[in-house]
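K.L.:
Below, each chain spelled out in residue letters.
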Amino acid sequence: MKITIKWITMAILLILALILPLFANEFIISVFVQAYFWAFLALSWDVIGGYGGQFSLGHAAFVGIGAYTSTILLESYGISPWMGMWAAGILAGIAGAFIGITSLRLRGPFFALATIAFAELVRLLLLYFKNVTRGPLGMLITQTGPQNMIFEQQSYYYYLMLASMITGVIFLKWFENSKFGIGLVALREDEEAAESVGINVYKTKIIGATISAFLTGIGGTIYAQWLHYVRPDVLVKLDYSTQIAAIDIVGGASSPYGGVIGSLILVPLSLYLNSIFGGMIAGLSLILYGVVLLLVVVLLPSGIYEFLRRRISDIMAKKMEKGGGKTA
Amino acid sequence: MFEFSAYVQILTSYTILGGVYGLTALGLSLIWGVMKAVNWAHGDTLMVGMYTAYWTVTLLGIDPYIAAIVAFLLLGLVGMGIHLIAIEPVIEKPGGHEATLLTTLGISVILESVALILWSPNPRSFQNVYKSTYLQFFGMRTSVAEAIAFTVSIVSIIAVDQLLKRVKFGKAIRAVSQNPIGARVVGINVPRIRLFTFGLGVALAGMAGALVATFYPNIRPLAGYIWDIASYVVVIFAGLGTIYGVIFAGIIIGITEGLGAIFLTNAYRHILVYIVFLLVLLLRPQGLFGKALRRV
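So the sequences go chain by chain: Z and B. Under this note's numbering, the first residue of the first sequence carries the number 1, and numbering increases by one thereafter. Under this note's numbering, the first residue of the second sequence carries the number 329, and numbering increases by one thereafter.
None of these hints come from the bench; they were simulated from the model. Please note that a few of the clues may not be correct.
Okay, derived cross-link-like pairs now, SDA-like style, lysine to any residue, Cα gap no bigger than 25 Å in a straight line [as the list claims (entries may be wrong)]:
| # | chain 1 | residue 1 | chain 2 | residue 2 |
| --- | --- | --- | --- | --- |
| 1 | B | K421 | Z | A194 |
| 2 | Z | K318 | B | V514 |
| 3 | Z | K322 | Z | F307 |
| 4 | B | K364 | Z | L295 |
| 5 | Z | K237 | B | I445 |
| 6 | Z | K319 | Z | E306 |
| 7 | Z | K318 | Z | L308 |
| 8 | Z | K203 | B | L611 |
| 9 | Z | K237 | B | K421 |
| 10 | Z | K237 | B | V442 |
Fair warning: this is a prediction, and the values are worked out from it, not measured in the lab.
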């Protein structure tokens, strides 16, 4: 019974998500576009950050690499982002493997610090190689048309982002039960035990980082097409890296739904607060971001999704008990 | 010939800056060493230290080095506050060390936004006699402010090392860092030691910020960021469980940055720092002066 309720809820949510652009205005749609985008990034992060337990704070670098790869291919070589996004993912994946090789022997916070340095390096290199990236000015996307992933209406981006996010959820659903995913979780819990049952710890981590970066790179391409431009200081910043991680943690790491829930709560909240206070008091919306992060980590350490799931199953169990009492 | 002496001058300046990095990294290293917690708000407490110096000097007109003491004391209190809100509630839970990363991240965001609201994003600086007086030695010159910051950095590192080795409180800190359960068994109040250690670490960051403020022209809410990254790089570079290591690592990072400034121009000098840093990670993951990582 529980399973049918779950599927019915999911189906209703999906239908609501599909028909939303029919009655929402452009602004609301763009809020959802961003929420889905961040959800997709949070899900990508979850592969190495949640399941793998390797706390990356450099994922903005992969967004940047992805966005720049497809944009350079599009603007300088006329290759459509529909093709370019795969190149973007592969290049970001290579960068992910590189960061894995250099720093996955480090533990916990040290790994996080190394990823920050890596992201800084990527940002500086994007600024430095001016003749390819046009430096601090960035690149405008001048090509148009759906064949170049440029749409006139927000609703097209809405469906594109929604599809990406759902793909991310389905991927993680499959991933967490795959042999590789289980191995990654095993080594997060206990590296030596994982090694003793034949898991190659180092290799598994590197592949995990590569997958995570690959997905994030694809996200970067789609984001660039939505923004219509790329710029190092806009894409590769520590704020973005921390935001990706924070969304996933607040929603609930190591879960295909955590990133979605985190994003659907935090992104609209911060955009809303920005739209109210942004002009008057810069920074006020950020304070609430900080407070939410602090509260969730202290009070709900396993994230909002896990908290809701437990509450719902508690309520269900109580109902079952009551029902059982009546018939007896 | 002129070029050569200009290079020597650049490298001298960056060596001194590197020494100051040692000071900015000291508090971070202490906190990490004792409770395996990363203070993500480290750079932001440094920034608050800068503003403390700025306001005490401009409003009260007192000497910037008295302002540094004020910053040390004030940030010590702030640090203990942060500890009680963000560290102590999570540190002993499973996954607590990862959680401190996030809670202090929350604190970092809060401090930055409060600073933005209170003091606007515009960069500030204050005039003082130390910044505009120069020392000459062997044809190189440096401002008195930077020379003092460098000296204080070395003195502080020696002081912290001696504190850990000789003073009872320092020995208790080491006991907690090596074996928290054992420390509790012999009657050490572990939460209190953690509280004071965190307070001391943040106080050192505050003092570092105040000293940096005497010569740094960019006091602004996001100023912590660049010092933050420098401090993290220095701590990892130095390695775990070493206090003296931070000063050498700081100077090495400073010189690397100087070489970057010479070969890659000023704006891109950090590229060299990060490349060297990632290379060190690859070849010596335990850091330059750290003990080899024990496999857990």
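K.L.:
Confirm or reject each hint.
P.N.:
Consistency of the hints with the structure:
no., hint, verdict
1, B:K421 to Z:A194, "holds (23 Å)"
2, Z:K318 to B:V514, "violated (47 Å)"
3, Z:K322 to Z:F307, "holds (23 Å)"
4, B:K364 to Z:L295, "holds (21 Å)"
5, Z:K237 to B:I445, "holds (21 Å)"
6, Z:K319 to Z:E306, "holds (20 Å)"
7, Z:K318 to Z:L308, "holds (15 Å)"
8, Z:K203 to B:L611, "holds (18 Å)"
9, Z:K237 to B:K421, "violated (31 Å)"
10, Z:K237 to B:V442, "holds (20 Å)"
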